[in-house]
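> Sequence:
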Amino acid sequence: MKRLGAALLVCLMLSGCSWKDAGDLSAVTAGAISKQGQRYALTAELAVPKADSAVPESKQVSGSAQTMEQAIDDTGAGLDTQLYWSHARVLFFDDSVMESGIRSCVRQLHADSAVRPSVRLCVVRDASADEIFSCASISGEPIGFSVGDSLSYAVQQSQMPDMPLYRVYNALETQGMDPVLPAVSIEGEQAQLDGCALFSGETCTGWLNQEQTAVLALLLHSGEQATLYDDGEPLVLREMRVQLVQNQEAWDIRLRAEAACDRENQTQRAARVTQEQCTRVIERLKQADCDALGIGRLSGQAWRTVPVNVSVTMTAAQSTEGGNQ
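Numbering (this note's numbering), first residue to last: 804 to 1128.
Since the hints were made in silico from the structure, they are not lab data. The structure displayed is predicted, hence computed values, not measured ones. The C-beta atom is built at its ideal place from N, Cα and C for all residues, glycine as well. Just to be clear, a hint being listed does not mean it is correct.
[Claimed, not checked] Pairwise CB distance ranges, derived in the manner of DEER restraints: (1) Gly943 x Arg1059: 41 to 49 Å; (2) Asn1068 x Ser903: 48 to 56 Å; (3) Arg1044 x Asp1065: 35 to 43 Å.
Use the sequences and the hints to build the structure in full.
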């Protein structure tokens, strides 16, 4: 696979190595983090080039320590190759990390120069984080690449919020703003995207399913277009604009978008459906005390006490793709 060769080329350019040293480099595609008592258990997936194939193999190495920096060092200890964490696409957490709060782990990862700030964080639901590496990839490539690609596409399509390490760190360190983390679950031998985890501060307080997560991603304006569902029918939105406006004692969320509709009554229905779904998701956020929109940060008030109203202005975009024909 060309992406692995490109990753190794960057490593060589940055480190001043020559191509004859390439065998000493191992690109980490993903990491799985659990807690065992007071220790972090870390499993890294490595992409291993194959001489007779463009698709690399994968292997896993593990380590554990009381800090994330030590766990990263321990994971690479005793190997003949040097691990390059800066190419990891995803870092997976599980319940064992979330039970004690994610702030300490996120802080340590953010402070570690080995970890790229733009690496995406993700939660593994109802399984140990390292079980993700037992899943089969549809393309046969390492699961870190596969899930990383799925997350990137879902973010572009506003099906998942974009939550890289630096953004989660900033949310945790900003009063009046809470993170959300994309989630994956394991079905049979496959890993699949499965909604998102809601946080109040550093504590997980609830979950959204896939359709609710798409609505939240729309409100967070994560992607280039969005797809909501109206009685099972896809409703494709483009040119989205989301504005938070303080209105006396309340906050207004004003959403503008183009809907892939042909008729005026379809556009009106699209606006109504979008407004209803956004309102329900905001109520779900309030129930979980998850201020993912940062309204508390803007208003200085407690999130749960601030009335929030949603208004939607929808215009028709002539299209046959995904519209209600």
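> So, against the hints stated earlier in the document, which numbers end up violated here?
Violated hint: only 3; rest satisfied.
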